[in-house]
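> Chains X and S are the protein sequences, given in the same order. The numbering used here applies: residue 1 is where the first sequence begins, and numbers increase by one. The numbering used here applies: residue 1 is where the second sequence begins, and numbers increase by one.
It is possible that part of the hints are untrue.
Which copy? The list can't say, so a pair holds if one copy fits it or any two copies do.
[What the hints assert, rightly or not] Think about it this way: if two alpha-carbon atoms lie no more than 30 Å apart in a straight line, the pair counts; the simulated BS3-like pairs of lysine-lysine are:
| # | residue 1 | residue 2 |
| --- | --- | --- |
| 1 | Lys55 | Lys20 |
| 2 | Lys2 | Lys20 |
| 3 | Lys41 | Lys55 |
| 4 | Lys41 | Lys57 |
| 5 | Lys38 | Lys55 |
| 6 | Lys41 | Lys2 |
Source of the hints: derived by calculation from the structure; they are not laboratory data.
There are 2 protein chains.
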Amino acid sequence: MKQYQIFVTGKQGIFDPAGKTAQNALDNLGYEGVADLKIGKFIQLSCDDSVSPEKVKEMCEKLLANPIIEDFRIEQTGA
Amino acid sequence: MKQYQIFVTGKQGIFDPAGKTAQNALDNLGYEGVADLKIGKFIQLSCDDSVSPEKVKEMCEKLLANPIIEDFRIEQTGA
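If we strip away everything but chain X, and leave its shape as in the complex, we get:
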């Protein structure tokens, strides 16, 4: 069984409403010093040994991320 971790983040310059809202909320709660907060996706994938990293990249491009507004990074964590 292979394990992959996928990090999906908004591209530079794309507005992140969830992150901005959380940042404002932290400010309202009295937490000072937060300069920037971005919220992306953290995907954990378990799959058969037959699934190659290239296949996972394809899954990201087609479904798990939106390549127009998001970047993604894939890490294999277990074989």
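Guided by the hints, dock chain S onto chain X, whose structure is given.
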């Protein structure tokens, strides 16, 4: 400026509808061999040097994660 990465994941046994939907969609697209897919949050935090890891943990407990159904892990990536 300090940089933190926060990984928010559903606790064991908590149903993850987004993950299940993505897993089914991959199956429908013809990607075989995906045994499990979980979707969590990947938060990138930039803050002043005055913000300690303990403070970030507190932010997670109070706002960024829901400790009832989610676990979180904090990594400091830059000083």
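> State the violated hints by number, sorted upward, taking the hints as numbered earlier in the document.
Structure breaks no hint.
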